[in-house]
Amino acid sequence: MTMASAPARSQNRSALKRAFERYPFLPALIILVVLMVLNGWFQPRSLSLSGVTGLIKTYLALMFLAVAQTYVIYAGDIDLSAGAIVSLVNVVIVAVMTALGGDGLSVMAALAVGIATGLACGLVNGLVVAALRLQAIVATFATSIFFTGLALYIQPVAGTPAPAAFWRTYGGRILEIPFVFYAVVAFAILLVVLVRTRLSLRLLAVGDGQQEAYQSGLPVTAIRMGGYALCGVFAALAAFCITGDTASGDPLVGGKMTLFSVAAVVLGGSALAGGYGTVVGSMIGALIIGFINSLVFFVGTPSEWQNLVQGLAILLALMAGVLVGRRARA
Amino acid sequence: MIKLKLNGVSKAYGATKALSQANLDIEAGEVHVLMGSNGSGKSTLSKIVAGSVKPDSGEILLDGQPITITGPQSARSHGIAIFYQELSLAAHRTVAENISLANLPSRAGILVDQETLEERAQHYVTLFDGVTGDGFSLDAVIQDLRADQRQLVEIMKTLSTEASVIIFDEATSALDRAQVDRFFEILRTLKQQGRSIIFISHRMDEIFAIGDRVTIIRDGKIVGTKRIADTNPAEIITMMVGSHDEAGAKPAGHSAPTGAVASALSVQNLTGRGFKDISFTVRKGEILGFGGLHGQGQSAVLRALFGAIPPTSGKIDLDGKPLDPANPRQTIRHGVAYVSGDRAREGVITGRPILENVMPIHYLRDRMKLAHPVVSAGKALPALQALRTKFAGLGFPISSLSGGNQQKVVIARWLIDRPAVLLLDDPTKGIDLSAKTDLFALIRKLAEEGMGIVLYASEDAELLDNADRILVFNGGSIRRELTGAERTRYNLYQAAYEAA
Numbered sequence: 002m003t004m005a006s007a008p009a010r011s012q013n014r015s016a017l018k019r020a021f022e023r024y025p026f027l028p029a030l031i032i033l034v035v036l037m038v039l040n041g042w043f044q045p046r047s048l049s050l051s052g053v054t055g056l057i058k059t060y061l062a063l064m065f066l067a068v069a070q071t072y073v074i075y076a077g078d079i080d081l082s083a084g085a086i087v088s089l090v091n092v093v094i095v096a097v098m099t100a101l102g103g104d105g106l107s108v109m110a111a112l113a114v115g116i117a118t119g120l121a122c123g124l125v126n127g128l129v130v131a132a133l134r135l136q137a138i139v140a141t142f143a144t145s146i147f148f149t150g151l152a153l154y155i156q157p158v159a160g161t162p163a164p165a166a167f168w169r170t171y172g173g174r175i176l177e178i179p180f181v182f183y184a185v186v187a188f189a190i191l192l193v194v195l196v197r198t199r200l201s202l203r204l205l206a207v208g209d210g211q212q213e214a215y216q217s218g219l220p221v222t223a224i225r226m227g228g229y230a231l232c233g234v235f236a237a238l239a240a241f242c243i244t245g246d247t248a249s250g251d252p253l254v255g256g257k258m259t260l261f262s263v264a265a266v267v268l269g270g271s272a273l274a275g276g277y278g279t280v281v282g283s284m285i286g287a288l289i290i291g292f293i294n295s296l297v298f299f300v301g302t303p304s305e306w307q308n309l310v311q312g313l314a315i316l317l318a319l320m321a322g323v324l325v326g327r328r329a330r331a
Numbered sequence: 003m004i005k006l007k008l009n010g011v012s013k014a015y016g017a018t019k020a021l022s023q024a025n026l027d028i029e030a031g032e033v034h035v036l037m038g039s040n041g042s043g044k045s046t047l048s049k050i051v052a053g054s055v056k057p058d059s060g061e062i063l064l065d066g067q068p069i070t071i072t073g074p075q076s077a078r079s080h081g082i083a084i085f086y087q088e089l090s091l092a093a094h095r096t097v098a099e100n101i102s103l104a105n106l107p108s109r110a111g112i113l114v115d116q117e118t119l120e121e122r123a124q125h126y127v128t129l130f131d132g133v134t135g136d137g138f139s140l141d142a143v144i145q146d147l148r149a150d151q152r153q154l155v156e157i158m159k160t161l162s163t164e165a166s167v168i169i170f171d172e173a174t175s176a177l178d179r180a181q182v183d184r185f186f187e188i189l190r191t192l193k194q195q196g197r198s199i200i201f202i203s204h205r206m207d208e209i210f211a212i213g214d215r216v217t218i219i220r221d222g223k224i225v226g227t228k229r230i231a232d233t234n235p236a237e238i239i240t241m242m243v244g245s246h247d248e249a250g251a252k253p254a255g256h257s258a259p260t261g262a263v264a265s266a267l268s269v270q271n272l273t274g275r276g277f278k279d280i281s282f283t284v285r286k287g288e289i290l291g292f293g294g295l296h297g298q299g300q301s302a303v304l305r306a307l308f309g310a311i312p313p314t315s316g317k318i319d320l321d322g323k324p325l326d327p328a329n330p331r332q333t334i335r336h337g338v339a340y341v342s343g344d345r346a347r348e349g350v351i352t353g354r355p356i357l358e359n360v361m362p363i364h365y366l367r368d369r370m371k372l373a374h375p376v377v378s379a380g381k382a383l384p385a386l387q388a389l390r391t392k393f394a395g396l397g398f399p400i401s402s403l404s405g406g407n408q409q410k411v412v413i414a415r416w417l418i419d420r421p422a423v424l425l426l427d428d429p430t431k432g433i434d435l436s437a438k439t440d441l442f443a444l445i446r447k448l449a450e451e452g453m454g455i456v457l458y459a460s461e462d463a464e465l466l467d468n469a470d471r472i473l474v475f476n477g478g479s480i481r482r483e484l485t486g487a488e489r490t491r492y493n494l495y496q497a498a499y500e501a502a
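Protein chains in written order, with my numbering: chain A, 2 to 331; chain B, 3 to 502.
Take these hints with a grain of salt, some might be off.
Looking from chain B toward chain A, a few residues come up when the C-beta cut is under 10 Å (computed) [what the hints assert, rightly or not]:
(1) Ser-54
(2) Ser-79
(3) Leu-89
(4) His-94
(5) Arg-95
(6) Asn-105
(7) Gly-111
(8) Ile-112
(9) Arg-122
(10) Thr-163
(11) Asp-368
(12) Met-370
Chain A regions said to be covered by chain B (calculated; three or more residues, Cβ under 8 Å) [stated by the list, open to error]:
(13) 121 to 134
(14) 186 to 199
Just so you know, these hints were derived from the structure itself, not from any lab.
Note that beta-carbon positions come from the ideal geometry of N, C-alpha and C, so glycine has one too.
The following block holds chain A by itself, in its conformation from the complex (with noise of 0.2 Å):
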């Protein structure tokens, strides 16, 4: 009998094993759960469909922002500017869309205008990174300074207000569904296909060993810039969601969302160094953040303490991530 089930108990670990090997977001989405009990038991409410709409309303912004970073880190890269494309890309549409008027069509032009903006803040992270091979780290803080002063040059204090057509169909319903479901069902389908993209699988490459991936022949400039290229949509994409959320312009609205958005990306399972993650990972971070901060509210912290709270737990979220995940591939 003992002899019969080591066999199979060692199966099922291995069985395992290779579930958290290939899923590296397991540890995360544990995780999660647990805190989403939490917050059902400290505020039942919590759960219920406006609640949920209220929180992905709120972190949708921080799951697209965490996905920007995913891509460039995929690479071994770091984009320290992602927040600030998020600010500059949130100024820039409203005032286009106040420019152009306000209705349906502006706001269409403008978010047009918004992707373009963060595609090139992208490129330009890109070159000074990829094709400069200046050090990642600082090439984009520096360029997060650049964007931040483009920002305030176009709107130099907060408050302008965005056009109703826009924020009432993002805080909205269509046929009942709260708009930002089709949001999260629409960026969850662009994310199946980007996960399959050539880009996607050379990214991963690169961020394995520049070196090797040179001598195989890939062209790792080139790749590197297309991580930050994608990196610079997807916080335009951020900057959208946080425009129908706030209903207004803000030079200075994603700043700190920049290492919230890396924290998220490691809280998902992925490697700083590159190589090894998931973009559902990051989407899992950025959630987990939301729920702690939710969390923290609900079981009634005295404002004064927040700030260290939310620390504290994101610290724990992080250590429960890595014993997880390191117990269950050993």
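Starting from the structure of chain A, add chain B where the hints point.
Structure of chain B alone, referenced to chain A:
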């Protein structure tokens, strides 16, 4: 028909000429072997052809037409592919993805065509059916594979380029017999298809099994090309050695200690990662040399004796007392000293003064908790002076010294409290000639004072000139011991290049 022709190709790294005026013809449908000792220029030559190294001068002709190779991508577009000795695989990607990495099949322009990707990979995996071993599949992740399986993936990846000129740079080093046999069958098929293979290997039996012609390189120069059918191993080794085969006569100037002298270190059946069943004795006053090709276990044995990588089994006696090399702190306290050739990573403490670079071993062995600068200086100065180290002052940063003097500081560290055994792991890497001479004179002096010394040197001349006895490593074990007049370059090469 000549497929590929190199005309006067040269490449220098600083003052060292890695390749000078190389001329080479590769015919269509032949396996052309490149032979040469460590650092003779084989890899530089193949990297130039594959585009990852740019030559300083010379011309490359493909099918009679001069071509310019600007990088690996451009080499590939000319139909030239290379198997990289150090592998070029993405560790977190699957076997199938790695095989087609540079040429991913696509659908709708941007998506990866998974079916074609797997079909194509399957074609190359099938070539090795039955010899790939457990756990090998199209969707296996590279980092989960064994060394030989990874090497097979790199071979498949190279084959998948379907290039007309393929370079295999030590493609068989991790493979077992069955895998090598299968690989050679595939090479014969490629030959029949009229493709040209440049084959680099250190295994003499393989060269005679698969090669058509062999070109010997020595010190960056092409020595000659022979038809394999018209030559023999002895002739090839003679060509690699050259005419300057001075027997290891130099150490004879002093009297090598004989059997009566007590042993400083005795090792029995030491086994660990990268070496097995290593047994030898170092007598007091003796310099024992470790020789052979790079990475045959020499460094691993030294590091195991030092406690940096624990051995799995074996017995070590230091000065007649058993030694358990659990970690470097233990072995240091028992009187083992280890000097690595990789100064930057394992020797100097960068950014710190010379004094701090000399003292740490003394602090450890003396169990000192407080360091008094004057007392420390009093101990550091004699050790540095004994080595004739040139330095401006103990307070100057270590980086102000030349490479040779930095290495002297690292050695001085071990001399404040006399160690019983000094392990030298390729200690003169990147040091200029005069500093080398200085260092070896010093090492001989330490030996004469009764220390047991083990010297691994990747430069064969250093070994032949300085070691009293040489143990030749091959494939992780000791193949031959060379003593007295046997210490010739010829014998050294012969033992090193024998089939492992």
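Do the hints match the structure? See the list:
Because the beta carbon of B/Ser-54 sits about 6 Å from the nearest beta carbon in chain A, less than 10 Å, this interface hint is met. With a cut of 10 Å, the hint placing B/Ser-79 at the interface with chain A holds, because the nearest CB-to-CB distance is about 9 Å. Taking 10 Å as the C-beta cut-off, the interface hint given for B/Leu-89 holds, the closest approach to chain A being about 7 Å. Checking B/His-94 against chain A by beta carbon gives a least distance of about 5 Å; that is within 10 Å, so the hint holds.
The restraint placing B/Arg-95 at the interface with chain A holds, with a minimum CB-CB distance near 6 Å, inside the 10 Å limit. At about 8 Å, the closest approach between the beta carbon of B/Asn-105 and any beta carbon in chain A falls short of 10 Å, and the interface hint on this residue holds. A hinted interface residue such as B/Gly-111 counts as satisfied when its beta carbon comes closer than 10 Å to some beta carbon of chain A; here the least separation is about 9 Å, so the hint holds. Nearest Cβ of chain A to the Cβ of B/Ile-112: about 5 Å, under the 10 Å cut. The hint holds.
Violation of the interface hint for B/Arg-122 is found here, the shortest Cβ-Cβ separation to chain A being roughly 14 Å, above the 10 Å cut-off. Of the supplied interface hints, the one on B/Thr-163 holds, with its beta-carbon coming within about 8 Å of a beta-carbon of chain A, less than 10 Å. About 39 Å separates the beta-carbon of B/Asp-368 from the nearest beta-carbon of chain A, more than 10 Å, and the hint is not met. Residue-level restraint check for B/Met-370 is violated (minimum Cβ-Cβ distance to chain A is 37 Å; threshold 10 Å).
Requiring three or more residues with a Cβ within less than 8 Å of a Cβ of chain B, the coverage given for the segment 121 to 134 of chain A is violated, as only 0 such residues are present. For the segment 186 to 199 of chain A, the stated coverage by chain B is satisfied: 4 residues place a CB nearer than 8 Å to a CB of that chain, which reaches the threshold of 3.
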